[in-house]
Amino acid sequence: MIIPVLIMLVDGIDASTQLFGHLWQTVLPSYLKNTILLGVFVVLLSLFFGVSSAVLISQTNILFKQHLRWLLLLPLAMPAYLVAYLYTDLFDYAGPVQRTLREWFNWQSPNDYWFFDIRTLFGAAIMLSLVLYPYIYMLTRGAFEQQDQNLMRASRLLGLNVKQTLFRVALPLARPAIAVSASLVLMETLADFATVQYFSVNTLTTAIYDTWLGYGDMAAANALASVLMLLILFVIVLEQRGRAGLRHQSARPNMQKDLIQLSSIQQLLASIFCWALVILGFALPFALLIAMAIEYSNVEQLTRLLDTGVNSVKVSVIAATVAVIIALVLGLYQRLHGHKFRHVPQQISGFGYAIPGTVLAMAMLSTFGPFDHWLNDVAEFLAWQQPGLILSGTIFAMIFAFVVRFSAIANGTIASGIKQIPQSLDYAPATLGMGLTKTITRVHLPILKPAVFVAWLLVFVESMKELSAVLLLRPFNFETLSSQIYQLISDEMLEQGALGAILIVLFGLLPIILLNRKREH
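Residues 0 to 520 in numbering that gives the first Met the number 0 are what the sequence shown spells out, letter by letter.
Certain hints may be false.
Derived pair list, reagent style DSSO-like, types lysine-lysine, alpha-carbon separation capped at 30 Å [to be verified]: (1) Lys-339 with Lys-437; (2) Lys-339 with Lys-313; (3) Lys-313 with Lys-162; (4) Lys-32 with Lys-64; (5) Lys-339 with Lys-448; (6) Lys-437 with Lys-448; (7) Lys-339 with Lys-162; (8) Lys-32 with Lys-162.
Hints are computed from structural coordinates only; laboratory data are not their basis.
Please put together the full structure from these sequences, using the hints given.
In structure tokens:
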């Protein structure tokens with residue numbers, strides 16, 4: 000699983016110094032600047048949205064608390080590029096908002112009034128933060144709810160008021176969760192391709208795409224991909240060093256929480272803030288998609304949707320199944336083997352989640368492309384029929400990229416399930432005459448069924464939504480829902496793919512509903 004990435008790094012070292020030097024002297028500094036600025040803006044906005052909502056839900060008596068608790072997770076189901084297109088269509092010069100304003104105030108041209116331009120770097124940051132803040136909200140809320148309330152009461156006895164306790168005790172205790180979620184948001188931002196390209200914001204991901212498809216120089220594209228991957232690794236190292244040695248949980252915590260009592264005005268303002276996040280991040284875009292689907296749906300569109308939907312489901316099912324099998328093997332190996340380095344394979348296999356889809360696609364092309372050519376050269380030498388591109392030109396490369404990218408999700412879910420199995424169940428079957436194979440198949444696997452199902456569903460949904468790797472790796476005349484919708488967005492024709500977009504969103508809702516029900520029970 001790590002070999003394609005290593006090959007890409009080696010290939011990047013051999014990049015054309017002429018082209019890479021030209022890029023560095025012309026556009027690469029601005030691309031790098033845009034990438035860093037976009038990451039900073041998205042993280043800051045996501046922190047504001049996510050931490051604020053987590054505080055309001057977990058620490059106060061906000062109105063509609065039980066509903067907002069899970070509704071704030073819904074934007075995770077919305078792909079950022081969909082939100083970007085829908086809001087652009089809504090607020091553009093020819094969109095309904097500006098048309099209505101011109102009718103009301105009798106404005107005749109753009110010179111008569113000022114209206115913000117959403118297709119900017121900051122506009123892209125807002126779009127991304129609206130769908131990524133739930134990562135921070137979810138982990139931070141969980142950290143707040145697990146805090147020992149004895150510490151809060153102790154701070155009050157030492158003279159701190161409610162606000163001081165929140166900022167000087169609760170937030171510092173939640174710092175590890177905030178740091179993890181913020182780094183996750185930053186990695187997702189650096190990996191985004193469709194949103195920034197649609198907004199014409201040139202970042203390293205668009206530079207990789209343009210260098211490969213525009214210049215046809217894979218080595219230079221690999222060099223750019225290596226720069227992006229090293230930037231993400233730098234973020235991960237900083238985040239881990241920042242959390243080193245931090246503890247945010249007592250040995251025997253007291254969970255009985257004293258909620259901050261908000262006044263009526265404060266409750267109203269807090270509710271408006273949280274409902275605004277839900278509406279802007281999910282409800283409004285989803286309603287616009289439904290309206291488009293109702294207005295523009297037809298038989299031809301349904302037929303095309305069925306074909307691409309089958310393609311998406313096929314590759315996602317295979318990728319999810321393979322990723323779960325690998326996660327089970329690595330998780331049980333770590334649990335049952337006695338080697339002191341038994342945890343290393345699982346850690347290495349999870350590294351792929353930190354790699355953007357565009358970078359992974361370049362790694363697959365760098366690995367399987369030359370191998371395919373070598374196989375054809377061998378077949379030609381032996382006077383056999385040439386097999387063609389059997390790896391890089393088929394769905395194999397897509398599935399391989401999905402497995403590498405999303406194995407960390409399956410690993411984490413199944414590892415969590417394995418930790419819930421008492422150690423005695425590893426040894427008790429042996430006293431009844433059962434070997435290791437029977438112990439795994441008759442004891443461990445039945446207990447792990449819920450974790451396996453959740454892991455499979457999460458990888459399946461992420462594979463359905465993946466776009467960057469699909470754009471570079473899909474075979475000719477092979478479209479998935481995500482690539483088809485992206486193409487329609489590029490052609491300003493999302494209306495024709497509204498049903499497919501709704502389907503992707505509905506698939507994205509499945510793990511949110513499942514995990515919410517599991518947590519509530």
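Against the structure, the hints:
no., hint, in the structure
1, Lys-339 with Lys-437, "holds (24 Å)"
2, Lys-339 with Lys-313, "violated (38 Å)"
3, Lys-313 with Lys-162, "violated (52 Å)"
4, Lys-32 with Lys-64, "violated (40 Å)"
5, Lys-339 with Lys-448, "holds (28 Å)"
6, Lys-437 with Lys-448, "holds (16 Å)"
7, Lys-339 with Lys-162, "violated (47 Å)"
8, Lys-32 with Lys-162, "violated (37 Å)"
Checked against the numbered hints given earlier, this structure breaks hints 2, 3, 4, 7 and 8; the rest are met.
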